[in-house]
Amino acid sequence: MQLRLCGDKKMDRNQIVKWIRNPKKMGPKYSLWGIYFATGCGIIEIPPILTSRWDAERFGIKLAATPRQANLFLITGYVSLKTLGAIIRTYEQMPDPKYTVGFGSCPINGGMYWDSYNTIKKLDKYIPVDGWIAGCMPRPESIFIAVTHLWTMIDKGIADGYKKYKENYTRYRRNQEKVLGELDWPPLYSIGKKGGGNDE
Amino acid sequence: MNESLKKKIESDFKTSVEILEKNRWTTTVKKDQVLDVLRFLRNKGFDHLALISCVDWIKEGEFELIYILSSYLAGKERLHLILKTRISRKKPEFETIIPIFENAEPYEREIHELFGINFNGHPRLEHLLLDRDYEIPPFRKDFDTRKYVKETFESIKPVEEEK
Numbered sequence: 001m002q003l004r005l006c007g008d009k010k011m012d013r014n015q016i017v018k019w020i021r022n023p024k025k026m027g028p029k030y031s032l033w034g035i036y037f038a039t040g041c042g043i044i045e046i047p048p049i050l051t052s053r054w055d056a057e058r059f060g061i062k063l064a065a066t067p068r069q070a071n072l073f074l075i076t077g078y079v080s081l082k083t084l085g086a087i088i089r090t091y092e093q094m095p096d097p098k099y100t101v102g103f104g105s106c107p108i109n110g111g112m113y114w115d116s117y118n119t120i121k122k123l124d125k126y127i128p129v130d131g132w133i134a135g136c137m138p139r140p141e142s143i144f145i146a147v148t149h150l151w152t153m154i155d156k157g158i159a160d161g162y163k164k165y166k167e168n169y170t171r172y173r174r175n176q177e178k179v180l181g182e183l184d185w186p187p188l189y190s191i192g193k194k195g196g197g198n199d200e
Numbered sequence: 001m002n003e004s005l006k007k008k009i010e011s012d013f014k015t016s017v018e019i020l021e022k023n024r025w026t027t028t029v030k031k032d033q034v035l036d037v038l039r040f041l042r043n044k045g046f047d048h049l050a051l052i053s054c055v056d057w058i059k060e061g062e063f064e065l066i067y068i069l070s071s072y073l074a075g076k077e078r079l080h081l082i083l084k085t086r087i088s089r090k091k092p093e094f095e096t097i098i099p100i101f102e103n104a105e106p107y108e109r110e111i112h113e114l115f116g117i118n119f120n121g122h123p124r125l126e127h128l129l130l131d132r133d134y135e136i137p138p139f140r141k142d143f144d145t146r147k148y149v150k151e152t153f154e155s156i157k158p159v160e161e162e163k
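Protein chains in written order, with the working numbering: chain Z, 1 to 200; chain U, 1 to 163.
Chain Z with its partners taken away, still in its complex shape (with noise of 0.2 Å):
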């Protein structure tokens, strides 16, 4: 049986190899669990896509109880200033590796709240994002477009924005600290001069 994805890619057998050789990438890769942060109008797409119209179970994405069971975290809408530290606890709960991306324009760079006085406009100076589904609002199918984008890019090594988290901390979390005054949670790696999380 041979599905086709998008382009020229199959699912098939050739991809035995790459199970072989490399099956920590493969394991989350065809097993995103989601955290659906919904932060505003987009969760109205999130429901036909887990249900039986589009059935996101067939891209081996599911939806996780849990953050700390989850590698998959999308961002519905926009982002208030009190919903940023919501995210930023949920983000910092996920294991790694894990995956962010940003559903809506909103997110992007403030969408239609672009002079709000409440909404933070650009979600990549907290958090890293790993891509953006641009529209106002996105269809279902964009989400599965997305999804085989994101393979390719965790085939590639590319979707690594857990590791700049890592490596720049304490920039992110200056940040945070800009916009948000003084967190009341502990950091999650330790704070250093450079930068960087982890360099003392």
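These aren't lab readings, by the way, just hints derived from the structure by calculation. Among the hints, erroneous ones may be present.
Covered stretches of chain Z, going by a simulated chain U footprint (3 or more residues, C-beta under 8 Å) [as the list claims (entries may be wrong)]:
hint, segment
1, 111 to 117
2, 121 to 127
3, 163 to 172
Label pairs and their in silico Cβ distance ranges [claimed, not checked]:
hint, chain 1, residue 1, chain 2, residue 2, range
4, U, E60, Z, T148, 55 to 61 Å
5, Z, L183, U, E154, 20 to 26 Å
6, U, T28, Z, R68, 37 to 43 Å
For every residue, glycine included, the Cβ atom is placed at its ideal position computed from N, Cα and C.
Given chain Z, work out where chain U should sit, using these hints.
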């Protein structure tokens, strides 16, 4: 019954009740009359406070408080009454109406947070929705959102660019 109620409001409080459409009235009273009017209307069967709203009239130097009441239990004869009053912008203070309508508590907190109006006698005037303090409350007309956005959010550098 409705006609007599209208006449009673007009004669007792010396205002005029305007009929917007069927079963939807509006009236404007002075600020020291508001508590009396609300108490009177509550006894006359207006049992539901639907909303308290606020408008910033910056050129007149006034805030307009809007109380929307309805006689919910009256069934088909249900009436909506919009009660408006104006208070000074320089001294934004007003009496709380929690003793008359208990559900005014979150509405007054919201107006306090977004317009900076102090409600005397309110038990907990603190943040309802927002997380931080603003120099000028954000729903006032002299709050410059674009300047605020530039200073607060756009001044933060992206992490990748710093290397």
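### Query
For the segment 163 to 172 of chain Z, does the count of residues with a C-beta closer than 8 Å to a C-beta of chain U reach 3?
It holds: at least three residues are needed, and the segment 163 to 172 of chain Z offers 4 whose Cβ sits within less than 8 Å of chain U.
### Message
The hint says 20 to 26 Å between L183 of chain Z and E154 of chain U; measuring C-beta to C-beta, is that right?
### Response
holds, 21 Å
### Task
Quick one: see if chain U covers the segment 111 to 117 of chain Z, three-plus residues with Cβ-Cβ under 8 Å.
Since three or more residues must qualify, the claim that chain U covers the segment 111 to 117 of chain Z holds, with 4 doing so at under 8 Å.
### Task
Test coverage of the segment 121 to 127 of chain Z by chain U using CB-CB distances below 8 Å; three residues minimum.
The restraint on the segment 121 to 127 of chain Z holds, since 4 of its residues have a Cβ under 8 Å from chain U and three suffice.
#### Entry: Consistency of beta-carbon spacing, R68 of chain Z to T28 of chain U, with hint 37 to 43 Å
violated, 57 Å
### Query
At the C-beta level, are E60 of chain U and T148 of chain Z separated by a distance inside 55 to 61 Å?
At 59 Å between Cβs, range holds.
Violation of the numbered hints given earlier is confined to hint 6; every other hint is satisfied by the structure.
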